[in-house]
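Engineer: Each chain, letter by letter, is given below.
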Amino acid sequence: MASIQDIEAEIIEEFELFDDWMQKYEYIIDLGKELAVLDEQYKTEDNLVKGCQSRVWLTSQNTNGSIEFLADSDALITKGIVSLLVRVLSNQAPQAIVDAPLNFIETIGLKAHLSPNRANGLVSMIKKMKAYALANL
Amino acid sequence: MASIQDIEAEIIEEFELFDDWMQKYEYIIDLGKELAVLDEQYKTEDNLVKGCQSRVWLTSQNTNGSIEFLADSDALITKGIVSLLVRVLSNQAPQAIVDAPLNFIETIGLKAHLSPNRANGLVSMIKKMKAYALANL
Amino acid sequence: MADTQINIEQIRSDFEILNQKVNGHQLVYFDNAASTQKPKVVSAAIADFYNNEYSNIHRGVHHFSELGTEKFEAVRGQVKHFLNAKYLEEIIFTSGTTASINLVADCFARDVLQKGDQVVISHLEHHSNIVPWQMACEKSGAELKVIGMTSSGELDYSDFEKLLNDKVKIIAINHVSNALGTINDIEKIISQAKALNIPVLIDGAQAVAHLKVDIQALGADFYCFSAHKLFGPTGVGVLYGKKEWLERLNPYMGGGDMINEVRFEKTTYNDLPHKFEAGTPNIAGVIGFGKALEYVSQISIENIKQAEAHLLDYATKKLSEIGDLEIKGVSDKKAAVISFVVNGLHPYDIGTLLNQYGIAVRTGHHCTQPIMEYFNISGTVRASFSFYNTTQEIDFFVEKLQKVIQMLK
Amino acid sequence: MADTQINIEQIRSDFEILNQKVNGHQLVYFDNAASTQKPKVVSAAIADFYNNEYSNIHRGVHHFSELGTEKFEAVRGQVKHFLNAKYLEEIIFTSGTTASINLVADCFARDVLQKGDQVVISHLEHHSNIVPWQMACEKSGAELKVIGMTSSGELDYSDFEKLLNDKVKIIAINHVSNALGTINDIEKIISQAKALNIPVLIDGAQAVAHLKVDIQALGADFYCFSAHKLFGPTGVGVLYGKKEWLERLNPYMGGGDMINEVRFEKTTYNDLPHKFEAGTPNIAGVIGFGKALEYVSQISIENIKQAEAHLLDYATKKLSEIGDLEIKGVSDKKAAVISFVVNGLHPYDIGTLLNQYGIAVRTGHHCTQPIMEYFNISGTVRASFSFYNTTQEIDFFVEKLQKVIQMLK
Ligand SMILES: Cc1ncc(COP(=O)(O)O)c(C=O)c1O
Ligand SMILES: Cc1ncc(COP(=O)(O)O)c(C=O)c1O
Chain A
1 MASIQDIEAE IIEEFELFDD WMQKYEYIID LGKELAVLDE QYKTEDNLVK
51 GCQSRVWLTS QNTNGSIEFL ADSDALITKG IVSLLVRVLS NQAPQAIVDA
101 PLNFIETIGL KAHLSPNRAN GLVSMIKKMK AYALANL
Chain B
1 MASIQDIEAE IIEEFELFDD WMQKYEYIID LGKELAVLDE QYKTEDNLVK
51 GCQSRVWLTS QNTNGSIEFL ADSDALITKG IVSLLVRVLS NQAPQAIVDA
101 PLNFIETIGL KAHLSPNRAN GLVSMIKKMK AYALANL
Chain C
1 MADTQINIEQ IRSDFEILNQ KVNGHQLVYF DNAASTQKPK VVSAAIADFY
51 NNEYSNIHRG VHHFSELGTE KFEAVRGQVK HFLNAKYLEE IIFTSGTTAS
101 INLVADCFAR DVLQKGDQVV ISHLEHHSNI VPWQMACEKS GAELKVIGMT
151 SSGELDYSDF EKLLNDKVKI IAINHVSNAL GTINDIEKII SQAKALNIPV
201 LIDGAQAVAH LKVDIQALGA DFYCFSAHKL FGPTGVGVLY GKKEWLERLN
251 PYMGGGDMIN EVRFEKTTYN DLPHKFEAGT PNIAGVIGFG KALEYVSQIS
301 IENIKQAEAH LLDYATKKLS EIGDLEIKGV SDKKAAVISF VVNGLHPYDI
351 GTLLNQYGIA VRTGHHCTQP IMEYFNISGT VRASFSFYNT TQEIDFFVEK
401 LQKVIQMLK
Chain D
1 MADTQINIEQ IRSDFEILNQ KVNGHQLVYF DNAASTQKPK VVSAAIADFY
51 NNEYSNIHRG VHHFSELGTE KFEAVRGQVK HFLNAKYLEE IIFTSGTTAS
101 INLVADCFAR DVLQKGDQVV ISHLEHHSNI VPWQMACEKS GAELKVIGMT
151 SSGELDYSDF EKLLNDKVKI IAINHVSNAL GTINDIEKII SQAKALNIPV
201 LIDGAQAVAH LKVDIQALGA DFYCFSAHKL FGPTGVGVLY GKKEWLERLN
251 PYMGGGDMIN EVRFEKTTYN DLPHKFEAGT PNIAGVIGFG KALEYVSQIS
301 IENIKQAEAH LLDYATKKLS EIGDLEIKGV SDKKAAVISF VVNGLHPYDI
351 GTLLNQYGIA VRTGHHCTQP IMEYFNISGT VRASFSFYNT TQEIDFFVEK
401 LQKVIQMLK
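Going down the list, the protein sequences come from chains A, B, C and D. For the first sequence, the numbering used here assigns the number 1 to the initial residue and increments by one for each residue that follows. For the second sequence, the numbering used here assigns the number 1 to the initial residue and increments by one for each residue that follows. For the third sequence, the numbering used here assigns the number 1 to the initial residue and increments by one for each residue that follows. For the fourth sequence, the numbering used here assigns the number 1 to the initial residue and increments by one for each residue that follows.
In short, the hints are calculated from the structure, not lab data. Possibly wrong hints are sitting among the right ones.
What the hints assert, rightly or not - Cross-link-like lysine-lysine pairs, in silico, DSS-like; alpha carbons within 25 Å at most:
#	chain 1	residue 1	chain 2	residue 2
1	D	LYS40	C	LYS40
2	B	LYS127	C	LYS162
3	C	LYS162	D	LYS266
4	D	LYS333	D	LYS212
5	D	LYS139	C	LYS169
6	D	LYS71	A	LYS50
7	B	LYS50	C	LYS162
8	A	LYS50	D	LYS243
9	C	LYS243	B	LYS127
10	D	LYS86	A	LYS127
11	C	LYS266	C	LYS86
12	C	LYS266	B	LYS43
13	C	LYS139	B	LYS50
14	A	LYS111	C	LYS21
15	C	LYS266	D	LYS243
16	D	LYS243	A	LYS127
17	D	LYS242	D	LYS188
18	D	LYS212	C	LYS139
19	D	LYS71	B	LYS43
Please build the complete structure, drawing on both the sequences and the hints.
Structural biologist: Rendered as structure tokens:
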């Protein structure tokens, strides 16, 4: 498995290909569409991450010290970003997840979506992912 | 008895003598000092005119259709202005009191003291004087 | 001008922000129901007051304290005139609509409502006209009753009639729905309530910028709104209350200015309106609000209404041509608000992409979750217009919206 | 500069109003305890926000809504830093000190106080820290207890100790008396209260502009102040509350922003700090307040304190030389406030005549009637200084005061 740093670098490279915001958003939307649909059984109140604009569901699983995340959102753009976060943080060791700076979000120009003001659930999702990793250290 | 108009004109004339605000205020202060002290028996809660900066007491008496006002204040400047109002409105017929425009206050430059914001009780006092006259029409 | 009776060029130059660029595009501000922009006279008045005349007001004998008091109290007069209220002391300044409603709800919970009484609101309310009443009911033991809504986004008036009975101690209804734009028939509601002697509070937050309110003709007992939705500053609200009611209710907050005499054994309260205005008010905000009212009266609400009706018609027609787009709230009496959903698309996505074109719309539940629940949707995209908007802006918006829908499909 | 560590010329040029003429004289503004003046950066920030960036905040996905939210929330961070609070969500924005105190008092009346409980305030309080507690006691059946004062204008600490017992459910005390300037020993009060686990609310309205407040070091459970007394805009207040307390108390007002989910059957509340911030806040005011805090931190509270201590000493000495003049409040720990009476003369007369010389002082009871009653006077003349005042202004004031006294004698 590639390291978090490697995957982040990979994503940054992918985004460098885009000339304008439209291509970028189209890509994110595609990512959102492609993200494996979360099984309805996981869309529980417990797995729901608060965010009054769009909702995010997240489940986490620890298999021999490697953590897997499954997630979904009702909004496509949020879902696209969710897919990036899942790609970066899934199947990593708990400590690596806890330490992940997630700089790529800013580099690829999506920082605004990660502001706590967005109320799209992403900030809380990251917090939850890290908290889960921390609990599984 | 001179009419309200005459007394107002008289007062305006008196104030025209003053070159600056200091003379004017000195005169008002003197008027305040000279105003017959209201007998303590009249300084009742009932006769008190609300005003949180300075307090005014007012009693009114109707003798054969001519109304007499007696008044006092705990602040000298207020008392001076009270004395002018008493001078203008006392011993007049109720209708004349009700109708009195009291323009002299503005003409002699004391309008600010009569603003409802002053909280010096003067506005309420005038209201009370007119209300008493109205009730004695 | 082509669009309206009013000189739109002139007007747009009064609102400097309309020249701003967002993401490389000229700002198209269609979030007026959340808050309107301010003509520059408003901020100029505020800045001038702070820089050249500032002082705390009420009871100061010095020059600037008097001047500020005069200016502040003059705005009370403007509001009285604006609403055509009967008495100056019926105008209470608060920090906003929400504060105005909470004031009444809390005073009612304490002074009026009893266990077994009922409070009537509607399904169309903003959270600010729901939650205070839930809290008041919890405090007093009264019961909350809700007038239903119809699929066109209107009040269900027959339901309202069924709810009327002498246990109802207050009815609280918005004048215009912020989520759907529906102009409610509050005249009807008030007259039916009057017949049973039930007081009515109108949440006028969305009405005052769009239509003429004559409070004496209406006969409402309370009327609440925010300055920031009427081209004025944030942090200023109005509570109109009928004199008899304001006299009957005890104060909401305690503090400076609202007292007559403070003794530890017993405190007596000041006269109206001060009884309900504890503490230093938003002096500069109120003075700025005075300028906004002056500005509005120059343009005239009648002209504003006309201009907005035109924009609403135009946009409704244009949007109706977009496939899969459904407008929520289709009453034939509407303020210039269009809420819509596009089949299968999330409002958040649409709003995010429109923003890339410099178009500001609001997305989400608009603080009206019960309405969203009624339609079984998570939210809408809401475009809300003001008289400074243009049909050109609507054209641009519709064009980009179609593009955005394509991207998301 | 001769006066202080700070460049007074530079500073005075930041406050444009100090150049105004009143009745032909340069304004001498000694009414700082009522409200401070604003550096021009404050009004400039407000005007700029309204003209170029305005939008309603929270939950908007469009550019200006995001920008506004960021700026608004950044000020919360500044306040946290200013008070050295532990958590961001301990900072609640209100409309003023009075609103902050009412919020706590009302929540306590509902959630904490029971019949037989006691609330302790002091004889030195502003009406805004008396009346809300009287109302809370009336609602809950708790009893109001008052710490006495001494003839020097200090709290009677031995009296305070006598009032301590486990029926006391909250102690509410001002940090600095607005009428007398006394800096109360709140450290002592808080530590004695802590020993009995009694929460303490500090009314810091008069403190924040004059001395450094470190809320973690202090250990107060609640701390309230107004922006307008800290060189900021009107209509903005702060309630600091310890997280445990804010979590325990239920919301004060209901409305937009403070909810998580609204259902007619049941509404759930948002997290801190939003739980206590219902409705559209005073966005522009808070952003302006951020500028004021930035300004204060550039000057530094330490420098402000020093400059003001010098002014206080200077004025106290000068005034003490005037016969028949008696300073009320002679604690050796005082903020830059001098209240005085002149034998036989009414404060209103003195204030009125000083105003003719362009001197702004406050006269009356200063919203502290119990203090006036203690001294058996109807009011005082209060000169209160800020760091932008000068000893030259004090000289002018003292000279004219003597003249005024002569006129009135
Ligand atoms: C000690 C004290 N507490 C409370 C207040 C009330 O502040 P505000 O009027 O800003 O609510 C003041 C202001 O006069 C004060 O000096
Ligand atoms: C209908 C309605 N009521 C109440 C409010 C609350 O107004 P404010 O947030 O200014 O208190 C709003 C504003 O969104 C509204 O649209």
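Engineer: If a hint holds in the structure, say so; if it does not, say that too.
Structural biologist: A quick look at each hint next to the structure:
no. : hint                   : verdict
1   : D:LYS40 with C:LYS40   : holds (17 Å)
2   : B:LYS127 with C:LYS162 : violated (49 Å)
3   : C:LYS162 with D:LYS266 : holds (23 Å)
4   : D:LYS333 with D:LYS212 : holds (14 Å)
5   : D:LYS139 with C:LYS169 : holds (21 Å)
6   : D:LYS71 with A:LYS50   : holds (23 Å)
7   : B:LYS50 with C:LYS162  : violated (49 Å)
8   : A:LYS50 with D:LYS243  : holds (21 Å)
9   : C:LYS243 with B:LYS127 : holds (20 Å)
10  : D:LYS86 with A:LYS127  : holds (20 Å)
11  : C:LYS266 with C:LYS86  : violated (32 Å)
12  : C:LYS266 with B:LYS43  : holds (22 Å)
13  : C:LYS139 with B:LYS50  : violated (36 Å)
14  : A:LYS111 with C:LYS21  : holds (20 Å)
15  : C:LYS266 with D:LYS243 : violated (34 Å)
16  : D:LYS243 with A:LYS127 : holds (20 Å)
17  : D:LYS242 with D:LYS188 : holds (19 Å)
18  : D:LYS212 with C:LYS139 : violated (40 Å)
19  : D:LYS71 with B:LYS43   : violated (57 Å)
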